[in-house]
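Asks: Chains as they are written, first to last, in my numbering: chain P, 1 to 323; chain B, 1 to 336.
All clues stand as given, with none of them false.
Think about it this way: if two alpha-carbon atoms lie no more than 27 angstroms apart in a straight line, the pair counts; the simulated DSS-like pairs of lysine-lysine are:
id : chain 1 : residue 1 : chain 2 : residue 2
1  : B       : Lys149    : P       : Lys273
2  : P       : Lys264    : B       : Lys153
3  : B       : Lys267    : P       : Lys264
4  : P       : Lys202    : P       : Lys239
5  : P       : Lys195    : B       : Lys267
6  : B       : Lys153    : P       : Lys273
7  : P       : Lys264    : B       : Lys322
8  : P       : Lys273    : B       : Lys169
9  : B       : Lys52     : P       : Lys264
10 : B       : Lys168    : P       : Lys17
11 : P       : Lys273    : B       : Lys168
12 : B       : Lys169    : P       : Lys17
Note that these hints are calculated values from the structure, not bench results.
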Amino acid sequence: MNDLLSIRGLETVFDTKRGTVKALRSLDLDIHKGETLALVGESGSGKSTLGLSIMRLIESPGRIAEGSIILHATEDVDVTSLKGGKLRRFRWKKVAMVFQSAMNVLNPVMRIEDQFIDALEAHDIDKSEISGRIDHYLKLAGLGPKVRRLYPHELSGGMRQRVNIALALSCEPDLLIADEPTTALDVVVQKEILKSLNTLKKQLGLTIIFITHDISVAASVADRMAIFYAGRIVEIGPKEEVINRPRHPYSKALLSSIITLNTKRGQDLISLKGNPPDLITPIEGCSFHNRCPSARPECLKYKPVESLVSSDHYVECLYPIGE
Amino acid sequence: MFAKSERKVEENVSSSSVSGTDVMRFENVTKIYKSGPIVNYALDDVSFSLRKGETISIVGESGSGKTTLGMAAINLLNYDRGTIYFENMPVKKLNRKQRKKFRAGSQMIFQDPYGSLNPYNSVYDSVVAPLNSFRPDLSRSQKREEVLKMLDKVGLRPAESYIDEFPKKLSGGQRQRVSIARALIMRPELIIADEPTSMLDVSVSSTVMTLLNHLKEEMNFSMLYISHELATARYISERMAVMNLGRIVEIGGSDSIVDHPLHPYTKLLLTSMPDVNNSNSEEMDVTLDFDIYNGGIKGCSFATMCPFVRENCKESRPELNKVEEDHYVACFYPLT
Numbered sequence: 001m002n003d004l005l006s007i008r009g010l011e012t013v014f015d016t017k018r019g020t021v022k023a024l025r026s027l028d029l030d031i032h033k034g035e036t037l038a039l040v041g042e043s044g045s046g047k048s049t050l051g052l053s054i055m056r057l058i059e060s061p062g063r064i065a066e067g068s069i070i071l072h073a074t075e076d077v078d079v080t081s082l083k084g085g086k087l088r089r090f091r092w093k094k095v096a097m098v099f100q101s102a103m104n105v106l107n108p109v110m111r112i113e114d115q116f117i118d119a120l121e122a123h124d125i126d127k128s129e130i131s132g133r134i135d136h137y138l139k140l141a142g143l144g145p146k147v148r149r150l151y152p153h154e155l156s157g158g159m160r161q162r163v164n165i166a167l168a169l170s171c172e173p174d175l176l177i178a179d180e181p182t183t184a185l186d187v188v189v190q191k192e193i194l195k196s197l198n199t200l201k202k203q204l205g206l207t208i209i210f211i212t213h214d215i216s217v218a219a220s221v222a223d224r225m226a227i228f229y230a231g232r233i234v235e236i237g238p239k240e241e242v243i244n245r246p247r248h249p250y251s252k253a254l255l256s257s258i259i260t261l262n263t264k265r266g267q268d269l270i271s272l273k274g275n276p277p278d279l280i281t282p283i284e285g286c287s288f289h290n291r292c293p294s295a296r297p298e299c300l301k302y303k304p305v306e307s308l309v310s311s312d313h314y315v316e317c318l319y320p321i322g323e
Numbered sequence: 001m002f003a004k005s006e007r008k009v010e011e012n013v014s015s016s017s018v019s020g021t022d023v024m025r026f027e028n029v030t031k032i033y034k035s036g037p038i039v040n041y042a043l044d045d046v047s048f049s050l051r052k053g054e055t056i057s058i059v060g061e062s063g064s065g066k067t068t069l070g071m072a073a074i075n076l077l078n079y080d081r082g083t084i085y086f087e088n089m090p091v092k093k094l095n096r097k098q099r100k101k102f103r104a105g106s107q108m109i110f111q112d113p114y115g116s117l118n119p120y121n122s123v124y125d126s127v128v129a130p131l132n133s134f135r136p137d138l139s140r141s142q143k144r145e146e147v148l149k150m151l152d153k154v155g156l157r158p159a160e161s162y163i164d165e166f167p168k169k170l171s172g173g174q175r176q177r178v179s180i181a182r183a184l185i186m187r188p189e190l191i192i193a194d195e196p197t198s199m200l201d202v203s204v205s206s207t208v209m210t211l212l213n214h215l216k217e218e219m220n221f222s223m224l225y226i227s228h229e230l231a232t233a234r235y236i237s238e239r240m241a242v243m244n245l246g247r248i249v250e251i252g253g254s255d256s257i258v259d260h261p262l263h264p265y266t267k268l269l270l271t272s273m274p275d276v277n278n279s280n281s282e283e284m285d286v287t288l289d290f291d292i293y294n295g296g297i298k299g300c301s302f303a304t305m306c307p308f309v310r311e312n313c314k315e316s317r318p319e320l321n322k323v324e325e326d327h328y329v330a331c332f333y334p335l336t
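The following block holds chain P by itself, in its conformation from the complex (with noise of 0.2 angstroms):
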């Protein structure tokens, strides 16, 4: 397989007071070029802290403690042991990031062309090529050259978050994270958003890491897809794999608590009893064991191990839905 990104044995640790948060529990994950992988799971679950590791933006009292993200780049860099220059280079024009608070990303005083030239000429973009690569981002996230001379609070929330796209591939990256980038939009915003990356995608051969709780969202967009649970991925394959034979029970409880418009009124939803489990104190056995409707004894003592289900898709439990 060809990959872009291979995640070996991670583990992003915030320090409290309480004691050290596990947000990652010694997590693998391989990304291949060119795809969309969603990440998908409830708040609290690790999916933007991975997201955030990978861009190296994980902040005191944080810290990515061990593993290893190795880029296979012309040679392979492990992205944990970049510094200085090495580091700001790879941010943006190796991989670059949409996050979902479009309001708070933009300065509000800088017109929307200084906020591209400042981010190009941070990355040694050769001065007579920008304003023709600011052009030709904005149209290709679906904006004219009007916009240039705006100011954030002259744009709605879609077009900001646009420009955030725009600006996000303005240094060609490989790699795009996007971080709920639609979640404090409207849906019919929002599907223009999709269908805008998904045709990004396509003409610069992008490779996506589509973060959200959001599972119509993800299935709408992705290839792969990754369900996540107290810091790790319980499951992941293809997603049509994963929505319609999903192997893991907790694939299987978040996809049947949703309510879609075919849901019948008043019938009673399929719920979760419990809460996630705390993450300063080590996890026996499997995780979601206390929540499990088809737990078994052994759950509670052995760690459950990732285990290929079907053509590229795994998924960590003793007793996977359907054997």
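Following the hints, complete the assembly by docking chain B onto the known chain P.
Replies: Just chain B now, kept in the frame of chain P:
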């Protein structure tokens, strides 16, 4: 350009139901926000009624006026024109005693459970607040008993272990349960729920929706459910009103609206919803144009974006018309 004729509510929505059973009725309610040259109709001649025991959802995108509508309904907002009736009494003209009844009988559940509970108040303090205002006759122990009962009802069990907690110890879903308990403790006739689950995780959100559904059957209150999201709206409500730029463009039974929308805007909302099975392949070809202030719209509010627009759509405003039983649409050329 801003002169709008006060339209009479003729054969339309509010008079279509027996008004004696209405909990709340909006008649030609208009709220205008002005800022310099910009004029925005947050509510533009809105009329509808909420029948006793029913849930109606108000759906629309941000800026459509749905939250303004909720604020007006609970009398937290002064509107410019029109009348809102609570149990057939105009809310603005209630006397002291009636206003007290209105305040006790209409309660709100807010969107953000992290912002709507005072962090310095325990669960007991938050939930007991309405009793302190409206039931001075109750003794301390009776109040505590009521609060315990209510916490149990909203699924915070055992209630004894939650009653003295502070919000920071509670999860988002638990906090939202506390605000539901606070809203319901006066056994109100009317609940206004403004996106009560949009800040919660999916699995938590589904438990809160199930809970609301059970409570509404058990306690028989009427509910205005405000949401940008049609799936939960259909799940919880019998009727649905779709808003676009301050106007109700379609109103009717939730099933008939979702299954065969009549207004192109409703259809746009439905086809834009992401879907797990990607079965939603139908697409509408619209020109997105959100750069409008709706103060100057003479014709249909959706005319600038509508793929089926014709000349008269830009000239005159379509009124809500009955197309089938309990299904009204404000469109000259409704979808078939």
